[in-house]
Each structure stands twice: as C-alpha cells, then as structure tokens.
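A.B. asks: So you can see what is in the structure, the chains are spelled out below.
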Amino acid sequence: MLGKYKPLWGETPSLKSNYDAVIIGGGLHGLAAAYFLAQQHGMRNVAVIEKRYLGFGGSGRNTAIVRANQRTQENVPLYKEALDLWPVLTKELDYNLMFFNCGNLNLMHSEAAMNAARMNVATAQFHGVESHLIDAKQCKEMVPALNISEDITYPIFGAMYHPPGGILRHDAIVWGLAKGAAKHGVDIHQQTEVTGIGVENHKIVSVETDKGHIKTPRVLNAAGGYSAALAYAMLGLKLPISVLTIQAMVTQPLKPILNHVVSSGTYHAYANQTLKGEIATGAHMDAWPNYTTQTTAYYIKHQAEALAEMLPCLRGVKFMRHWAGLADMTPDMAPIMDGNDPIEGYFMDCGWGYFGFKSCAAAGKYMAQFMASGNCPDILKPFSLRRFEQHRLMGETAALVNYTPDN
Amino acid sequence: MALTLTCPVCGKRNGYEFRYGGEDKGPRPAEAELTPQTWCEYVHLNNCTAGIQKEWWCHRDGCGVWFTTYRDTTCNLEVEKSEAQS
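For the record, the sequence lines run as chains A and B. For what it's worth, my numbering labels the leading residue of the first sequence as 1, then goes sequentially. For what it's worth, my numbering labels the leading residue of the second sequence as 1001, then goes sequentially.
Simulated from the structure, these hints should not be mistaken for laboratory data. The C-beta atom is built at its ideal place from N, Cα and C for all residues, glycine as well. Each hint should be verified, as a subset may be incorrect.
Result set (DSS-like, lysine-lysine): computed pairs, CA atoms no more than 27 Å apart in a straight line [said to hold, decoys possible]:
id	chain 1	residue 1	chain 2	residue 2
1	A	Lys-255	A	Lys-301
2	B	Lys-1081	B	Lys-1012
3	B	Lys-1081	A	Lys-203
4	A	Lys-91	A	Lys-6
5	A	Lys-255	A	Lys-276
6	A	Lys-255	A	Lys-4
7	B	Lys-1025	A	Lys-238
8	B	Lys-1081	B	Lys-1025
9	A	Lys-301	A	Lys-140
10	A	Lys-179	A	Lys-301
11	B	Lys-1012	A	Lys-238
12	B	Lys-1081	A	Lys-301
Computed spacing ranges between beta-carbons, pair by pair [what the hints assert, rightly or not]:
id	chain 1	residue 1	chain 2	residue 2	range
13	B	Gly-1021	A	Tyr-5	30 to 40 Å
14	B	Thr-1074	A	Gln-191	15 to 25 Å
15	B	Leu-1034	A	Tyr-298	32 to 42 Å
16	B	Lys-1054	A	Asn-96	27 to 37 Å
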C-alpha cells in the first residue's frame, strides 16, 4: 500500500514541529475527529499520527454492522446520529461508503428476553428510532432461512426488528474520512509512533514521536484497543478498561439468503451476508485481557454449532477467513469520552469495546466540537471518566449481549 | 489464542477451565478514610499492561482455588516470577 501506489488522501506531508491538535490513532474515531475539526471548526493545522497504517486496528477488523438499538437514554441518541450521518458523509466525502440499510433482527429466546426487548423498543421509540417487537412466525417470514422449530438448544420466541440499521464497508469509511480530512488540510502520518506526551503544569504541551518532536496544546487519544495502555504508559492515567480479543469470520460466498443482520445474544452469534455473498459472523471474546489478536479453534466450533442451529441451511458451508481484533471493554459497556480532565488539553475517545464502529461518525463530530470549543457538548457529558468514581455507571450492561471480565 | 495456566493444586490445565479475576492490585483498601477515588481505583482502574502482569485467576471448572500468576499479555504465555521481575 505504501509502495508505488499513491494513497487516496495524497502524498504524506513532512511532520511539522507545531500543530493545533494531535490525534493519536488513524482509525475511524481519530479520522472522524480530524475531519470534523477541519471541516466544521476550521482547525486545519491538525496531525493524525498512526503507528502502523490507517485502519490497522478495530476499524478494519469489525464486521461493519451499524445500529441504534442500545439500551440507555444516553447512548441511543449518539448512535442514532451516527446512523443519520452515513448518507450525509457519503455526499460530503464524495465517496461511496456502501451503506446497505438492511435492518437488524435481534433474536429473543425466552419470555424474559421478550420483556427486556419490550423495554428496549420503548427506549428506541422515545428517541424516535424505529424498532418493533415481532414474533417467531414474523421472523420466519422475514428470514426464511431461520430455524424457528422448538427442537434446538434455544428456540426462538421472537425478535426486536430495527429497520434503520445495516452494514457499511468499513474500509471505505476509513479511506473516505482520510480523503476528506486531508482535503481540508489535515496531515496524516502513517508509520509514525507516539513515544511520549509532554505535560507541564497539568497542561499538554507536546507530543514526542519517532519522527520528531511536536509542540501542541491538544491531544486526542483515539488509539482504540491500545488507548488504555497508552494513557497509563505516557500519562500515568489508569482507565477502567480491560482489553480483550474479539474474533469474527466469514464463510465462502453464497447466493443471497440473508437480507438482514441476524443476531442472538443467547447463542453469542450474529450473521449477515456481505455484498460479496460471504456470511460474516462473530463474535466470541475470550474473557481475559490480551493483545495477541490471535484466533482459536475453540471458537470456530462454537460458531459452527450456533449457526447450524439458527440457520441450518449453512450446515456444511466452509469458513474461509477468521481474524481477531482488540476490544477495550469498560465495566458498564459504554465508552469514555472526556477531555480537559485531569489534564488540560488531553482528550480521550476510548473504551468503545466492540461497538466503536457504529458510532464513529457521531463520536468524532462531538469530540471535534469539544476540542475546538473547550466545552463538553451535552450529549457527551454522561460519558465522562469520573462517572466510575461517582458510581454513575450506565445501564448498557442490560443490553442483550454482555461480555466483560467484570461479570 | 491458546492459554495454559498452572493451577497450584491441579498443575497445568487448559485456560478455558479458569476464570480471570483481574490485575493484582494488592490488598483491599481499608474502610477507614476510604475515598470514592481510592475505591474506584481498586475496583475499576487497570494498568492494561502490554507485557508481563501479575493477575488473579480462579480454577472455576476444577478445584476452585484462587491464585495469582504472571502472564505476558502480548503472547498469552505464563512466565516465572523471576522472569517477570527482572
């Protein structure tokens, strides 16, 4: 990629010694923040510093599903805004993000789960997000491949159907945002490692990289799975995060059989058919922190068993690729978006676990507003780091799937 | 991401038999003069070390014992205490 081909976002500029803001991490959140800083707030002297290449981390490893069916009042509006932004960004960036608005079907396997889904639907409707409760027969009508018989481990009682969701091409968003940011003057430095952050009198003054020293009053930590280790190593700031490896895989390409994202918390499995015809499916996490991004045979077996019950027509289909990425999990399954506390000029957008893809556009937009104005936008206020010491953890753990090493 | 852990009672066993119990943060803070910050640090905050860390495990599907061990989080291998502290 860095050979004879010129990146879509233009030639790599030389590293300046002075930037108004330095963004650590060339993933979706970092690039979105850079783009909105330059495009909406006129802050063009901005650098995105990426240790490896754009989209190396979670941005290129997720299964590209978007939805706004979260559990709590604080989270739903943020994800809704991200959903509304895809068509806008497609136009603004002049780049096809390949949004396939197929809708999500969250399967429920008990009466209790149906009741929980009822509350979830009520929250969605309160915020103007379309979500319905449907029964097993209606599920079968929507997804004929689904097994609604009672002779499986977890028979299907019904589902929460969320039409505004769907899938996008994650690489396209990375490239599109990079192109848009660079067009507005942002410098993108790949293969540049941040080695230190300079703090004087509780204020950010500089960032050290392996390519040189940068003077800057603002830093955004958007390093995804690596952000907690980075915050502790460079600032001594501990975060309530555990970094777990999350796995996903795709099957060989098939004729169209799945026209919705189908997921089940009970089976710990979701599946959707990509535009290439592969069934993209995940997502298992081993519940101990590690940075390996290695995959396991244990999980291939789990996934084959789950899919063979839920979607029996997939029996015998071969898995083609299997990969893993890092998920920085917080105890309340909600992200940490904060700034100017405890260090002035230090902003962070992390703890996104396995759901950072869905919200990147909205998170970047509001983090940019925060960084440009110095005032935390209202929508971000509940996501502060101090919520943990104030015992104001969010209720996202009541959502349908729940993995953290804390429970 | 294979993981093998050494239970002090049962010896080397498959990692899926165990439950991770968090980073070793030392003894529980004393109740007297406990602040929300200290409690939060003990309960929630992690170093998230990319490298060797001391951590708690429980042999959940075995003898049930709780123990600490040293593990390299970049390769998922247990290491000796002497190696961890060098």
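A.B. asks: May I ask which of the numbered hints given earlier this structure violates, with the numbers listed in increasing order?
C.D. replies: 3, 6, 10, 11, 12, 13 and 16
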